[in-house]
Structures are given as C-alpha cells and as structure tokens.
Amino acid sequence: MPQSEGSIFEDILYYKPDLYEIIARYRALYAAQGPGHLCAFVILPHRGDPLEYMPLTAIDWETPDGLEDYLDLSLRNMERIWRANRDIADDSIPTVGLNIGIGEYSAYVAGDVVFQEDTSWATTVVHEWADLDSLELRADNYWVQVLERALRHLVARCRPAGIPVVRGYYSPLDLARALRGDALFTDLYEAPEQVHRLMAFCSRATIWLMERLQPIVGGWYEGEVAGQWLPPGTVCMSEDTACLVGPRLYAEFARPYTQAVIDHFGHGQIHTHSLGLQTIPEISALRNLMGIQVAEDPNTPRTFEHLDELLPRTHGVPLTVSCTLDDLRAALPGLGSRGNIILCPCVETAEQAREALALIRQHSRA
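Going by the numbering used here, the first residue of the sequence shown is number 1, and it counts up by one from there.
Think of the hints as simulated: they come from the structure by calculation, not from any bench.
C-beta atoms are modelled at their ideal positions from N, C-alpha and C, and glycine is treated no differently.
Where hints are given, some of them may not hold.
What the hints assert, rightly or not - DEER-style ranges, computed between Cβ atoms:
#	residue 1	residue 2	range
1	24	330	26 to 34 Å
2	190	351	54 to 62 Å
3	193	160	27 to 35 Å
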C-alpha cells in the first residue's frame, strides 16, 4: 500500500514485507514444548538520512500542539530508521511509543516531573507512611491526561499504516521505588508491613492505568506488539528495581504484586537489566510470562556469557539477550538446543547483520 498524502509512514508491509512470517515465528516460539526456537533483533547503527533532534526540555507543554510536534518529530525519525533497515530481514516489528523519559511512569499517581535534555524523572511523594493514605488515582491528573492525549495522537498517526503503538509500565516494585525513593530498600527490613501496603497500592494503580490506556492502544495483528508479537492480553512492565533487591526479597515483596497485574490481563512481558542476573530466575517464576528482555548494563556480567547458568533455571521463559557476531559463530548450533531465545546481535554493517541472521535461521526450529 503506498503512502497516503500527508502521512508520515508507508504501509507497514513496505518496511516489513515478511510481517506475517515474523508473527508466525513468534507464535511458534510461545507454543514451543521444547528448545530450539530462535528469533532475532539486529542492532545496527543508523544508516539513513540524518535524524532530527529536539531535547525534552524544548517541548512546549503550554501550547495546544507542543507535545504533538515532538511526537511527530519522533515518528519521522522512526520512519527514517525503518526505511534504512528495509534490507535487514530480522524479527523486529515497527512499533512506536511515547518516549519522554520516565517521569510520567509514576507522576500519574503523584509527583512533579523533572526534565533534562534526554530524560526525565518524577519526585518522590511518600516521605512518611501517612503520605500513602493520601495518594489517589484521578482521571484529571495532568500526566494521566498527557498519556491519553499522546497515545491517541500516536494511534491516529500510526493505525492507518498498520504500525502498532505500545505502552509499557512500571511494575508495582518500580512504581513503589519511584513513589518512595531509595528509602524503600531499608524499608524492606525495617517496615515490611508498610512495604506490602505500598506494593498493594502500586499493583492497584498499575492495573488502573492499564485499564485506561490499553483500550486506546488497542490490539494489533490478533495480539499485542512491543517490537515483537505477543499474545492478546499481554502487558509489558519493567522490573529494574528487582536488580537491586536480590532473589529472596523479590520473591516475597515484588513477585506477588506483579503476578496480580499479569493475572488481571492474562499475560506479561518483563524488561530488566544484566545487573540483576541473579534475580532473573525468580522473575521467570511468574505465571503466564511470555518473555524477559535483559538490557545490558556497563560493568556488569554479559547475559549471553551466563546463558548456561540461566537457561536451566528460567522455567522455559524465552529470554531476549544481546550478543555479538562472534558470540553467534561460537555458540550456534549448541545454543539452540538449550532454550528458546530472542537474540539481539550488535553489528556494524549490513553484511554482518545478514551473516548473523543466516546463522540464527540455520540453527532455529522456528
């Protein structure tokens, strides 16, 4: 389908002509009863037209179209990236979301958002435990309205081209840390009952926000899409704070509340970091979990180098991990026989990308 007049995007099949083959690979991955299913996300430096830049501090929040102007700039950049990568037949699916830092991830409950050029965060609000009783979930909260407005704009821009929109959320634990701050870590030992009370509120708050936003985002291709295809009813959450609490505390104070969110919607997808490799087996014990995406942190163990330890302990949940072309050359085909994995080879050229994809396809059952 050609690009419509005034549209930012071509039809999604222009960027991913094998879209339905990709979706079939993900369906096979989730349905697999044994190992051997590999999918691929290639990470490649941008090769196309120069990208536009607007610092977050330049967004004009006072004018009617200030946020929309920033969103459209971001969409134009994504279009350039997808256009440049049309020749890379990996399993990534063009997807867009709201990227204004992490401030609004908790400010929809309470707190002021502080912007820097490339990120944001929200101020803490639970300074005393009595403050927890004053927290309210309100549809007229400024950041709830920003989220709804932004997602409606993105969907209006993207749905005609078949390009999915995604919204990720803090897990209850990440939301608790944002509201309480780093005092949460000593609270786990000194005020465990209050932590459970805070976690219960954060679980309710997460469900409340998802129930408002997910209908705006809607379903895509008989499921959900967050760069990869996911079954219908899958919600995407971050478990970054899990990296800092350890397996035992995560199992006691966090997993039951993340599970409550997943149970409410059906399925879950978790983002975490390599700093918390020791906690990933506890995260993988979540029921109806479709995958764990592990972002690499500097000065931490590389996840790929610890797959021999992780795969037997992660309950068959697919992991998304970064790797190099040399990693693939050395580890395949044996890696495919030990688990179901989404591999993210970081390469420098299109030729390297094609070699990485050929290796993954050669050794995958999907």
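>> Holds or violated: the 54 to 62 Å window for the beta-carbon distance between residue 190 and residue 351?
In response: 56 Å, holds
> Do residue 24 and residue 330 keep their Cβ atoms within the hinted range of 26 to 34 Å?
Replying inline: Between residue 24 and residue 330, where Cβ atoms are some 29 Å apart, the hint holds.
>> The hint says 27 to 35 Å between residue 193 and residue 160; measuring C-beta to C-beta, is that right?
In response: 51 Å, violated
Comparing the model with each numbered hint stated earlier shows that hint 3 is the single one that does not hold.
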